[in-house]
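2 protein chains.
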Amino acid sequence: MKIVISGLGIIGGSLAKAIKKYTDHTVYGMNRSQEPLQKALSCGAIDAIADEETLHTADMLILGVYPDAAVAFIEQHGADLKKGCIVLDTSGIKTKICDKLTSLSHQHGFVFVGFHPMAGKEKNGFDVSEADLFVKASAILVPIEAPQDAVETVASLMKKLQFGQIVYTTPEEHDRMIAFTSQLPHVLACAYVFSPQCPHHKGFSAGSYRDVSRVANINAVLWSELFIENSQPLIDEIQTLIDHLTEIQQGIRKGDRDELATLLHHAKEIKEALGE
Amino acid sequence: MKIVISGLGIIGGSLAKAIKKYTDHTVYGMNRSQEPLQKALSCGAIDAIADEETLHTADMLILGVYPDAAVAFIEQHGADLKKGCIVLDTSGIKTKICDKLTSLSHQHGFVFVGFHPMAGKEKNGFDVSEADLFVKASAILVPIEAPQDAVETVASLMKKLQFGQIVYTTPEEHDRMIAFTSQLPHVLACAYVFSPQCPHHKGFSAGSYRDVSRVANINAVLWSELFIENSQPLIDEIQTLIDHLTEIQQGIRKGDRDELATLLHHAKEIKEALGE
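Protein chains in written order, with our numbering: chain A, 1 to 276; chain B, 1 to 276.
These are computed hints drawn from the structure, not numbers from a lab.
Since we're looking at a predicted model, the values are computed, not measured.
Mixed in with the good hints there might be a few duds.
Stated by the list, open to error - Each computed DSSO-like pair below joins lysine-lysine, with the alpha-carbon atoms no more than 30 Å apart:
1) Lys121(A) - Lys268(B)
2) Lys271(A) - Lys136(B)
3) Lys254(B) - Lys268(A)
4) Lys271(A) - Lys271(B)
5) Lys21(A) - Lys202(B)
6) Lys202(B) - Lys202(A)
7) Lys202(B) - Lys20(A)
8) Lys96(A) - Lys202(B)
9) Lys121(A) - Lys100(B)
10) Lys20(B) - Lys123(A)
11) Lys121(B) - Lys202(A)
12) Lys123(A) - Lys39(B)
13) Lys136(B) - Lys39(A)
14) Lys202(B) - Lys271(A)
15) Lys268(A) - Lys121(B)
16) Lys271(A) - Lys21(B)
17) Lys202(A) - Lys83(B)
18) Lys202(A) - Lys254(B)
19) Lys39(B) - Lys202(A)
20) Lys83(A) - Lys123(A)
21) Lys271(A) - Lys123(B)
22) Lys121(A) - Lys271(B)
23) Lys202(A) - Lys100(B)
24) Lys254(B) - Lys100(A)
25) Lys268(B) - Lys202(A)
26) Lys268(A) - Lys39(B)
Bound conformation, chain A alone (with noise of 0.2 Å):
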């Protein structure tokens, strides 16, 4: 396949080189700044520097860009993509963009699958892409309305791309769990930091403090787009978060050590039952 990668971030940058490293297809880089592009040209991430021509005859699109620039690159150049073309895009949400994709779609006869690869670092950009970024994550394919030919030419990728499991699910499900696998973690690290405590846990923290509050080291404009443009779900599973928080503070007010260790025994009954 002739394939076009457009924004060579950690995860655009990341899907050039696992091609480039699993299979034989040829790809080529679009991107905002020159930077990254010939960086990927000359470790080889990439084959070639896209231009429109290679839009008219590529057989799949990858957009690593933030959804609504994803949105805005397939506005811009959606009439110049040959019929049948893959498109792919790369958010962390679904129900918004999925739906403006497939309107567009439509209108320009391409086939759109909603893309989510559950990988990623607490840092950006091509400099902190890999190959083997995707070696056992979860790939999210939201085939929509794509043929059964397309969705397996993709899931046939993954694979390749050493991904360990393929989930297909819809955009709405989709976005129900990354709320809570993925936003509420993020949200609940900031909360987290935003103690007045934090600045001064040093000799008083071990691993708990390390692994909650991880991710606070946050891409603010990135996510920012990402709560928003999910905001129901998340709202909910913040509220969710709260109202568990608040049961267990009443169970430490009021003290019955036996009521509190089997409201929490319960947490570890949830972890064991997941065969974690």
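Once you've looked at the hints, dock chain B against the given chain A.
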């Protein structure tokens, strides 16, 4: 020194193994049940099983049991200790236990130094103890009334056991900091996994889920005791977290990306100022 360790769980067992590995002191073990004692004997973690006579001649007694049990042990055996014997607890809370043990030290003439080794695992018991559990960890010491030479003896021992730093504090500061660094992450890990989405997370989760939920695999009996014995600082920390979660939730509801990004970016600044 002749060191008695009462309670050969993960902490007491690891201290025994570390003392045998890194020093020439003689270690005697005491435990409610026989099995850990026999295991500790056969693997060389202790030199012998302690009896009443051993307590009369011990230079140091380390309490590796839960907070209430530590106080109960000294109520029962405090009169057996020789004058000047250094008694260390290893509890995760300090104000209540230090009050009681300081008062008992006046009565019986031993020297009490509060001690909290900042290391652990999600599993408990002698079987998961290890000599290198404390490598680079923080040893928190709460000297209260202990004379300088006794505190230096303890600090010197902890350095030999490979602790990375010695932190000196008061019971109140210890409990306020631990409420934030250790107790709150355990509370929120439990509250987090109570979400109805949790049992369905597989395929939708990665490092954020794993790190936030890790300590939900909780020893509910131990932590219920620790939470209730440190109730006010912990209730305050939970409230601070709820307030900040609510602030972020309101920012998401309002939908102003720039304003939300400014709020979240403050978390990144806190982490960066700490070099994290």
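Results for each hint:
1. Lys121(A) - Lys268(B): holds (14 Å)
2. Lys271(A) - Lys136(B): Distance of about 29 Å is within 30 Å: holds.
3. Lys254(B) - Lys268(A): Status violated; Cα separation ~36 Å.
4. Lys271(A) - Lys271(B): Since the Cα atoms of Lys271(A) and Lys271(B) sit roughly 29 Å apart, the hinted pair holds (cutoff 30 Å).
5. Lys21(A) - Lys202(B): holds (27 Å)
6. Lys202(B) - Lys202(A): Status violated; Cα separation ~34 Å.
7. Lys202(B) - Lys20(A): At roughly 29 Å apart (the allowed maximum being 30 Å), Lys20(A) and Lys202(B) satisfy the hint.
8. Lys96(A) - Lys202(B): OK: Lys96(A) and Lys202(B) at ~23 Å, within 30 Å.
9. Lys121(A) - Lys100(B): The given pair, whose Cα atoms are some 47 Å apart, is violated under the 30 Å limit.
10. Lys20(B) - Lys123(A): violated (42 Å)
11. Lys121(B) - Lys202(A): Holds, at roughly 19 Å.
12. Lys123(A) - Lys39(B): violated (46 Å)
13. Lys136(B) - Lys39(A): violated (39 Å)
14. Lys202(B) - Lys271(A): holds (12 Å)
15. Lys268(A) - Lys121(B): holds (14 Å)
16. Lys271(A) - Lys21(B): violated (35 Å)
17. Lys202(A) - Lys83(B): violated (35 Å)
18. Lys202(A) - Lys254(B): violated (35 Å)
19. Lys39(B) - Lys202(A): violated (35 Å)
20. Lys83(A) - Lys123(A): violated (36 Å)
21. Lys271(A) - Lys123(B): holds (13 Å)
22. Lys121(A) - Lys271(B): Cα-Cα ~15 Å, so holds.
23. Lys202(A) - Lys100(B): holds (28 Å)
24. Lys254(B) - Lys100(A): Roughly 23 Å between the alpha carbons, so the hint for Lys254(B) and Lys100(A) holds.
25. Lys268(B) - Lys202(A): Between Lys268(B) and Lys202(A) the Cα gap is close to 17 Å, so the pair holds against 30 Å.
26. Lys268(A) - Lys39(B): holds (28 Å)
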